[in-house]
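Q: Going down the list, the protein sequences come from chains S and X.
For reference, each letter of the first sequence is one residue, going 98 to 378 in our numbering.
For reference, each letter of the second sequence is one residue, going 47 to 436 in our numbering.
Residues on chain S that point at chain X, a partial pick, calculated with CB under 7 Å:
(1) ASP146
(2) LEU147
(3) GLN188
(4) GLU189
(5) TYR224
(6) LYS274
(7) GLY277
(8) PRO279
(9) HIS339
Here are the simulated DSS-like pairs of lysine-lysine, each with C-alpha atoms no more than 25 Å apart in a straight line:
(10) S:LYS263 x X:LYS140
(11) X:LYS217 x X:LYS92
(12) X:LYS140 x S:LYS265
(13) S:LYS304 x S:LYS323
(14) X:LYS92 x X:LYS70
(15) S:LYS157 x S:LYS207
(16) S:LYS116 x S:LYS220
(17) S:LYS294 x X:LYS182
(18) S:LYS263 x S:LYS294
(19) X:LYS214 x S:LYS207
(20) S:LYS265 x X:LYS182
(21) S:LYS207 x X:LYS220
(22) X:LYS140 x S:LYS294
(23) S:LYS365 x S:LYS294
(24) S:LYS220 x X:LYS182
(25) X:LYS257 x X:LYS339
(26) S:LYS207 x X:LYS210
(27) X:LYS343 x X:LYS257
(28) X:LYS243 x X:LYS216
(29) S:LYS378 x S:LYS304
(30) X:LYS182 x S:LYS207
(31) X:LYS182 x X:LYS214
(32) X:LYS77 x S:LYS323
None of these hints come from the bench; they were simulated from the model.
Source: prediction; values computed, not measured.
Positions of the beta carbon are idealized from the N, C-alpha and C atoms, including for glycine.
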Amino acid sequence: MLGIVGFLWSPWAQAADFKFPSVNDWKQADNIQAFDSSTLYEYIDGGADLYLAYDFEELKVAEYQNDKKASVTVDVYRHRTPTHAFGIYSQERFPGANFIEVGVQGYQEKHALNFLSGNTYVKITSYDTGPEDQAVLLSFAKAVAGNLGEKGAFPSLLAAFPAEGKVKNSEKFMVRKFLGYPFLHSAFSADYEVSGKNFRLFIIEGKDQADCRDMMEKYLEQLGMKDKTVAEGQYTLSDAYHGEIDLHWRGARIWGILDLGDPGLRSKYSKLFEQELQKRK
Amino acid sequence: MKTTLAGCGGLFFLSSEAKGQETKIVESRGKERKFVYRTLGRTGLKLPVINMGVMNSDNPNLIRAALDSGMVLLDTAHGYMGGRNEETIGSVIKGRPRDSYMIGSKVSLPQDRSTGLYLEGATMEEFLRKLDISLKRLGVDHVEILYHHGVSRKESVVHEPVLKAMEKAKKEGKIRFAGISTHMNEPEVVHATVDSKFYDVILVAYNYQQKHLSEVRSAIARASQAGIGIVGMKAIRGGHRQTPSVQSAAAALKWVLQDPNVHTIVPGFTAFEEMETDLAVLENPNLTEDEKKALQKEASLTSLYCQGCRQCLNQCRDHLPIPDLMRAYMYTYDYRNLALAQDLVLSLNLASRACQDCSQCSVKCSVGFNVPAKIKDVVRLKDVPSEFIA
Numbered sequence: 098m099l100g101i102v103g104f105l106w107s108p109w110a111q112a113a114d115f116k117f118p119s120v121n122d123w124k125q126a127d128n129i130q131a132f133d134s135s136t137l138y139e140y141i142d143g144g145a146d147l148y149l150a151y152d153f154e155e156l157k158v159a160e161y162q163n164d165k166k167a168s169v170t171v172d173v174y175r176h177r178t179p180t181h182a183f184g185i186y187s188q189e190r191f192p193g194a195n196f197i198e199v200g201v202q203g204y205q206e207k208h209a210l211n212f213l214s215g216n217t218y219v220k221i222t223s224y225d226t227g228p229e230d231q232a233v234l235l236s237f238a239k240a241v242a243g244n245l246g247e248k249g250a251f252p253s254l255l256a257a258f259p260a261e262g263k264v265k266n267s268e269k270f271m272v273r274k275f276l277g278y279p280f281l282h283s284a285f286s287a288d289y290e291v292s293g294k295n296f297r298l299f300i301i302e303g304k305d306q307a308d309c310r311d312m313m314e315k316y317l318e319q320l321g322m323k324d325k326t327v328a329e330g331q332y333t334l335s336d337a338y339h340g341e342i343d344l345h346w347r348g349a350r351i352w353g354i355l356d357l358g359d360p361g362l363r364s365k366y367s368k369l370f371e372q373e374l375q376k377r378k
Numbered sequence: 047m048k049t050t051l052a053g054c055g056g057l058f059f060l061s062s063e064a065k066g067q068e069t070k071i072v073e074s075r076g077k078e079r080k081f082v083y084r085t086l087g088r089t090g091l092k093l094p095v096i097n098m099g100v101m102n103s104d105n106p107n108l109i110r111a112a113l114d115s116g117m118v119l120l121d122t123a124h125g126y127m128g129g130r131n132e133e134t135i136g137s138v139i140k141g142r143p144r145d146s147y148m149i150g151s152k153v154s155l156p157q158d159r160s161t162g163l164y165l166e167g168a169t170m171e172e173f174l175r176k177l178d179i180s181l182k183r184l185g186v187d188h189v190e191i192l193y194h195h196g197v198s199r200k201e202s203v204v205h206e207p208v209l210k211a212m213e214k215a216k217k218e219g220k221i222r223f224a225g226i227s228t229h230m231n232e233p234e235v236v237h238a239t240v241d242s243k244f245y246d247v248i249l250v251a252y253n254y255q256q257k258h259l260s261e262v263r264s265a266i267a268r269a270s271q272a273g274i275g276i277v278g279m280k281a282i283r284g285g286h287r288q289t290p291s292v293q294s295a296a297a298a299l300k301w302v303l304q305d306p307n308v309h310t311i312v313p314g315f316t317a318f319e320e321m322e323t324d325l326a327v328l329e330n331p332n333l334t335e336d337e338k339k340a341l342q343k344e345a346s347l348t349s350l351y352c353q354g355c356r357q358c359l360n361q362c363r364d365h366l367p368i369p370d371l372m373r374a375y376m377y378t379y380d381y382r383n384l385a386l387a388q389d390l391v392l393s394l395n396l397a398s399r400a401c402q403d404c405s406q407c408s409v410k411c412s413v414g415f416n417v418p419a420k421i422k423d424v425v426r427l428k429d430v431p432s433e434f435i436a
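Start from the sequences and build out the full structure, keeping to the hints where you can.
A: The structure is reproduced here in structure tokens:
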């Protein structure tokens, strides 16, 4: 019950009451479509699977048209938490996109603008908007963001990824089956490019130490190391699918480095990551 | 080709072998394995009967493992993950011999969601613009199959701008074969595709729990006999039309492959263990007797499931949330989870005499549920003290 009360008082509850804004020179169609987890397939077909994995709760869709018959469609996807909304946003974000300051972050391209705000992921598309296209999309984005209330921030754990060599805007939140293993649940990751080498840092936040122990035991079993004693500390593992992985387990966190063969660089980034994580205990 | 039908309760098992089916010894991550191959209709492409639906995977090592294990065709779309899906595939295939893999991608154009018909912006130029972006993301100069994505109406099958765009792309060598994908109103779309004489491949939702299964199967057979390559999808997870209770993914895949008119399927997987299941089916796609029995049992369970068509919502005089009540019924009798069912029923804030006062019910369920009987049954949970259930 306390959890429910907490939700009702949280800033993200505003998103559930979201109202589409009025935008100058644009007329909103009368019907606002709404989809829940059982009907999202009707709107985005098989694409719904991924949204549902990120605890999708509701989609509201509004259409706008102007006198010149140009049209704009605004899709507001509400997810259970801001982290889940970031997760689905991060799955679709290109690191090299044209980023803009709307909500926590957004980006735009021809006929499309996407942004993240609190526990919502907003996707705006346009048709026949002519040379004003980008300005039109931006004005809609600002108006929608204004009605969504508190924009929130990126998940705080992202700040723990070392800045040196990090590919900007490459951070992701994978909600389940991290590395393709069902026993490893959600994880954050970021891509790196250092001295021509591309690799990835990741961190899994378990519920508690026991949860991380369980993940470690299952992972070692997967790698045919069932008999190895599982204890907090560092592991260098040889994974048939992922190659050599440096893995660290401490308390309720497991973190590591993927796709990096250079032992010196692995050691350097292990230390850098650990230092950053210690600052954020 | 001799085909026999056997079965009961509407779920048929076919005993047959597809024309052009063969077994190949394949190097699969350091092991020799025998995989079953079929020919994709008139395209002549020889494909393993299971390939990878990449759609929900952002894991390059999983895609790499699928190719290294012997899968050949990677199924994606311009719109999956906002384009990141094609980009991830591009990072995996970079440097691999071009004849060691095939790509099937899809391009969609603006549609009216309620009618399935195209809007004004559905132009040839837009289609080709998207194709060019897809090729760039993938890092290739052509794809083997380009699908006209997500078609649900016969009028849209022959939407001229798409046909012209496909023709132009073929001439320019950007696509080898023109395909069409459908997961709604499939029989109409498949028949219209055959009639159009334009397409080489159909990607179609096909699974043993579809309520219009016999129509889908007949349409697929007609298309296959016309020489069109058939790729099956949604064999395990059928989107909003399918119940959530597929107990055996392998059996569900095998059930589709027992139809000789299906040449390959592209199940989506996001875990290595799921890939291993698919590879085992690729070695032996024949249903065991136990799997047949399990499928029969599951097919009979569809009578417990609301198909979510929502047609009933405007029919009920009291505007009862019928799909939710049918879900509660499913929780009660299939999931055997009375607590979940009671939570749902209580959350609906039903009037005290819900579904008690009508002498005749105006609801006509599309799958023939006796809606009032099921509602009267399940709303009894309202009056059961929670401590008796938990």
